[in-house]
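Chains X and F are the protein sequences, given in the same order.
For the first sequence, the working numbering assigns the number 1 to the initial residue and increments by one for each residue that follows.
For the second sequence, the working numbering assigns the number 1 to the initial residue and increments by one for each residue that follows.
Some hints here could point you the wrong way.
[Claimed, not checked] Residues from chain F shown here face chain X by an in silico Cβ test under 7 Å; the list is partial:
#: 1; residue: Ala31
#: 2; residue: Val32
#: 3; residue: Gln33
#: 4; residue: Phe36
#: 5; residue: Ser37
#: 6; residue: Ser38
#: 7; residue: Val39
#: 8; residue: Phe41
#: 9; residue: Leu42
#: 10; residue: Leu44
#: 11; residue: Leu47
#: 12; residue: Asp424
#: 13; residue: Leu490
If you're looking for bench data, these hints aren't it; they were derived computationally from the structure.
Where a beta carbon is used, it is the ideal one built from N, C-alpha and C, also for glycine.
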Amino acid sequence: MPEFKSRYLEPKALRRIGGLNLLARSVVEGFISGLHKSPFKGFSVEFAEYRQYVPGDDLKHFDWKVFGRNDRKYIRQYQEETNLKAYIAVDSSGSMGFGSAGTTKFEYACYLAASLCYLLVRQKDSTGLAVFDERITRLVQPGSTRAALLNMLSALDSVRTGRPTSAASALHEIADRVRRRALIIVLSDLLEDQAGVLKAIRHLRHNRHEVIVFQVLDPAEIEFPFRSLADFRDLETGEKIQVHPAAFRQAYLAEVGKMIETYRKACSESRVDYQIARTDAPFDAFLAKYLSKRARLG
Amino acid sequence: MSLEFLNPGFLFAAAGAAAPVLVHLVFRRRAVQVDFSSVRFLKLVDLRLARNRRLREILVLVLRTSAVLLCAAALARPVLRPEGAGGSPGGSTSLAVILDSSASMRAGSAGRTAFDEAAAAARSALAALESGDEAVIMFPGSPAKEEAGPSRFVEDARAELASASCGFGRAALCRAAREAAAAISKSRSANKEILLITDLRASSFEEDGGGGSLPEGVRLFVADAACESGSNLSPVSARILNPPVIAGIPAEFSVIVRNHGTAEERGKAVLRIDGSEFGGGEFRIGPGQTAEMAFSRVFDKPGFHRVTFAAGGDAFRADDEFHMAVEAGSRVQVLVVNGSPSGHPFLDETFYIKAALDLGNEQAGGPQSCFDPVFLSEAELESADPAGFRAVILANVRSLGLRAAAGLRSFVENGGGILVFHGDRTAAGAGAAGGPAARNPPLAADCAGLESPQEQVRLAEVDFASDVFEPFKSEANMDFKEAVFSRYVLLKPAQGAKIIASFSDGAPAVVERSEGKGRIIQFASSCDLDWGNLPTRTVFLPMLYRMLCLLARVEGTGGLAGIVGERPPAAAIPAGTALGDLILSAPSGSRRAPSAGPGGTILLPEFDEPGFHWLESPGPGSGFKRLFAANIDPGESALERASVDRVSALLGTRAIPIERLSDAGTEMLSYRKGDEIGAFLLVAALALMLVEVFLANRPLHGNRGNKVTS
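Make a model of the complete structure from these sequences and hints.
Right under this line is the structure:
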């Protein structure tokens, strides 16, 4: 793969996750070659790499030429273009602009989105990108080519946060727009009415989409480490509230815990992958861990 | 209750109550601005916690402020005292104890009198005083102690109290309270107190009810020391019905016994004369009623006799006896000169006088009258010496011999008395007695001729202010107007004479005049029935006795009974006796010297105890003795009580009742010093601070599983 110039694609991160394949938990509509399960036969077209031959490998992919020249046994592996259609929905609302550890949630979400785009495109999966706040503000149609990847990365680079959020309406919009079964990856802090969000997710599931939810949260949102009296300003609405953190902390944490538990439980019931992405965790390690776990689950 | 402070300066520390607010304002943390993803959850929490938080903040502020205030108040040494306690709880005290020592305080039972209880209360009050305090103790009702005057030293007051005993007099407690207030008002003590310990007899507050209020700032305590008793019998008065008392002639006594109680009482009155008891009569008296008891007794010899009437035997024994000093005299020698004697008794000029002066002698088998008359004619008077008689009656005597006339003048000059009646033999004469002036006896008026009015005249104008008629003033059955006269002699009063009775036509009926040491009473009509019917009227006998007693100067021998606390009547210094030789001896044996009174009289000290007091000159050869009797004031016997409110009204200040006599000092101390509550306030402040610490550090709600897992 060629090198891409995007601030969300870090070579180090890509190296770490590049060896992993995103496993769709359920059968998706379209052609899946390689590890994707698909009811349809696919076709391979693009060489990817060699690997050491082990007994039992299909000799159809044995590279006789190399064997003839160097007397080494290699199996040729191909990058297979599939018919898996994936949409990565990134929340660009004002709340995503919060970051207590140097990295904002939006930046973190973009890192994840870019990495996933890269991964999916590299798998030849048709991948699209939707950026939303109250509604979808940018939509990159799915594609499995390098050009599609460039488009998506370019779109991520150009987005700025600040507007109010309505993930629910955005997800409903996605559900309405994507007719065929697809993999919908949601990257959002989901700090809004939980019932509305869950209703939108159920809408996606009702349309038979595979849904993965990454709730991107800042550690400050989870642990509320503030100590001194503070005027908290809402990044979306500009609303201020003066709070003595010592007095609020426990009640606040209880509310956050309740929210997370609500999402976790509802997603589990809807067979939706739900993950909390803390922005203080290296996103590559987080993604690698998630993909590894997903690979184990088959 | 009222709150006062011993160190009020520390109350300025209460300004420290603003410290929590100032600390909050000065050191409050400035809010930093934090851009946060969403305040959605913060708003949710805020909605839930806002009410509790504000409440807690207010509570914490109140607790902190209250703790500071309580500490400041504790430093100021707060004292709780009853409302209107006055004075200063931290200052010294000037206490005046008024210990009612009147006779009624002698009432008691089981060997303890009200005075004993009162003295215990006074000791308690004095014991509660501290170093630097002053004390004054007064004993109203006990004259000797009152004269001692108050002392300002507590030890002196205690010593006075230790030697005090209950008196027999009557207490004027309002006056005593004002005197006590005047005594302590000069003190610089912050607390000026009067403790009035009394049995609250109403009589003790009657005398000076309108004497004004106590000075402002004087605290008045009233301790009720009365012993519970609903009954009291006492002889309240006695009198001699047939004065003067003459040895050998029965003396008639009337004694009034009063039941002061609320239930009917029965008892027996006893007569004691010179220590010998004679029988008495039984009585039965309803509540608030009186009974009159009569006694008759013959004094066997002239001189002073101690007469006591006893009735009662109740809890208040001091008033169970009534004492009377009786001086029994000898029979009064009276010379009766008959100007118109007759062999027929009814035509005799002095028939009625003789009948009056020999009253009952024949029937009783012995002398019943105090008078011993001698009857002479005009001629016999020439050879008689009037100096041997105490009074002379001239009945229709026209003319005297020169010697007789001179003798009578000398008789009057030296203190003798002459009673003159006119008649037909004296009416025509130019002189007062109808003869030449040199032969006339000393008279009160000249005779200006016989008057025979067309209509009978009566005794219309009687001067009851004169000592002759004064005893008849209140005697309803003594009507002088019953006497009618058809003739009388027109009298022209001599210089210095006084008309003390007139006829209905205005002519003088009775004229009197003093001459030298003696006295003359002259009647314008006759002493028989020729000119009028006076000798057969009811008033004749008592009037004749009265006139003769005055003329013979036997007045005052009818029994003397004074009251404790009052002075005996002033008396002339007896001849041959110096004032310094006289001593008044009380029943208890105490002896006091009289002082000189106005006009060369003896001013005797006040009676200080009931019983018989002898004024005597113990010097050799003197032999002067005079007896006085003193009794307890009848007001002391009355059981009517004054309420504490009544005392308050009389003294114009709120009287604070003492609940328990034995704890009088403690109760007064409670008013004076109050109860210090500084320690309680400090504990309360500490408790508030602990609560504040707990509240300020307590989370607004408990842990409820708020751990966030990813």
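Hint by hint, here is what the structure shows:
no. : hint   : result
1   : Ala31  : holds (5 Å)
2   : Val32  : holds (5 Å)
3   : Gln33  : holds (5 Å)
4   : Phe36  : holds (4 Å)
5   : Ser37  : holds (4 Å)
6   : Ser38  : holds (4 Å)
7   : Val39  : holds (5 Å)
8   : Phe41  : holds (4 Å)
9   : Leu42  : holds (5 Å)
10  : Leu44  : holds (6 Å)
11  : Leu47  : violated (10 Å)
12  : Asp424 : violated (136 Å)
13  : Leu490 : violated (127 Å)
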